[in-house]
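For the protein sequence lines, the chains are A and B, in the order given.
All the letters of the first sequence, read from the start, carry residue numbers 445 to 728 under the numbering used here.
All the letters of the second sequence, read from the start, carry residue numbers 445 to 728 under the numbering used here.
No lab work stands behind these hints, which were simulated from the structure alone.
Be careful, since some hints might not be right.
All copies of an identical chain are treated as equivalent in the list; a pair is satisfied when it fits inside any one copy or across any two copies.
Derived pair list, reagent style SDA-like, types lysine to any residue, alpha-carbon separation capped at 20 Å [what the hints assert, rightly or not]:
hint : residue 1 : residue 2
1    : K603      : P579
2    : K683      : T704
3    : K550      : L468
4    : K603      : H613
5    : K449      : N629
There are 2 protein chains.
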Amino acid sequence: MIIDKLYNDVQKKGPVCVGLDTQLSYLPRYLLDSDMSVEDKIFEFNKKIIDATIDNVGCYKVQIACYEALGIEGMRCFSRTIKYIREKGAIAISDVKRGDISSTAKQYALGHFTGDFETDFITVNAYMGEDAVSPYYDFIKNNDKGMFILVKTSNPSGKDFQDMYMGEHTLYQQMGMKVSQWGKNFIGKCGYSSIGAVVGLTYPEEFKIIKEIMPDTFFLIPGYGAQGGTGKDLANIFKDGLCGVVNSSRGLITAHKNKTEGADFDYFVNEAVLNMKKDILSWL
Amino acid sequence: MIIDKLYNDVQKKGPVCVGLDTQLSYLPRYLLDSDMSVEDKIFEFNKKIIDATIDNVGCYKVQIACYEALGIEGMRCFSRTIKYIREKGAIAISDVKRGDISSTAKQYALGHFTGDFETDFITVNAYMGEDAVSPYYDFIKNNDKGMFILVKTSNPSGKDFQDMYMGEHTLYQQMGMKVSQWGKNFIGKCGYSSIGAVVGLTYPEEFKIIKEIMPDTFFLIPGYGAQGGTGKDLANIFKDGLCGVVNSSRGLITAHKNKTEGADFDYFVNEAVLNMKKDILSWL
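Please put together the full structure from these sequences, using the hints given.
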């Protein structure tokens, strides 16, 4: 089960997930001014960050939107970035938030669990219910893949629908219960399921309830840093062990801004990773 | 407003939307056996269908999952297919069902409303609330773009969450009310908004309620044909006029199967389009 590798990497190297939501404006001057193509510039940026941080992070999350924004050459860069993460022996999460009917989900599974864009985990939106999720089950079983399903998102409007009550429970709690149930068939040796959940750090009180609803679920936790979540907020969530990985994107991959425009930018990104790791672990 | 063009095309050429959810297995033998690349084969298939049907359809919907499944060359084919539809003067809907936090949604907007993948409409999943939608508003206003937001989907598991009651209303009704409200600022001369809704034909009773909740909303309606919806089901929805476009994918683009393996396959696809159009209009 892929969750065992992620779990072990997190225990060994820490609960930081570096979000490679790379935009051209994040690149240091020396790269922007080089003769490389946009594809090569962004890949070089990502590669240097991966090389610098690989011993200190649990995994990498690559936000596909930033690459779709650059068209075909962006998609080539997306493919190369994920391949590089996996070649280096780290876990790649493709943040694609796909969600569609069964026959279409099968196509997404082929797209992201095989071929040019092959990754370890994808993120999934289950507004359309279980048949938008079940086509991935075969790939979890037979191809050692996994997914994180959106439960409670970190953005301000997350509450628009997710916090509405459906009977006794909110929508995000209903979603949490279903995701936990779907995950029961895919529990690894580590005790967690290869079907995880995305739950934002920005709502620490809600997280407590979610943990009770989802005891076997490993969490992908956005919202640290730029979005407002702190190591203190994580203390409760991680009090019985590292049951998730905490993503930061801008907070890490722009850490070199106002410090350097040179090839040493990766030093500052790694420094930010180490600070984040220290911050989180200091509360445990 | 882009909705005016879609509305006019539907009134003039009929309410059929051809879903180019193309898979290699759909291609006739003569194309499969040719020396072309996979990209060229699928583009040729799509191109011939577009050429054959363009006078008889309201628009085309391209399901990106089928192209992501083929990696980089699939994405090139996706780009070429959308470009071709728009060059021929027809409306392209990119069925991408994206949905993410504000800063990421901006990247998706750049990805699908500019550059290699530029389209007219995208489909959007609003589980994450309004800030997963609002980054597209500028593009509706300034770039003549539009979107269809998932309200009630046509798949069997659509009910898992969408049919749950939140107070007096189900989740899909709550979603419908929000989408209708968000759309008020983007109403075109035709009386409908450039923010439309995806509502499956497979639940005709629910559709009645949705139409009352969403009086200014133009609908993208999947579920006809292969998924079970019929022209009869559309009679009520269209009784005051063509307020939507009805998608069929497999039912149309595999119509040549068991009839020909040759270059005349497009004749059978167009025949299926004409039959579908006739079926729908016969009930009005």
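Can you name, in rising order, the numbers of the hints this structure does not satisfy? As far as the earlier hints go, only 2 is violated by this structure.
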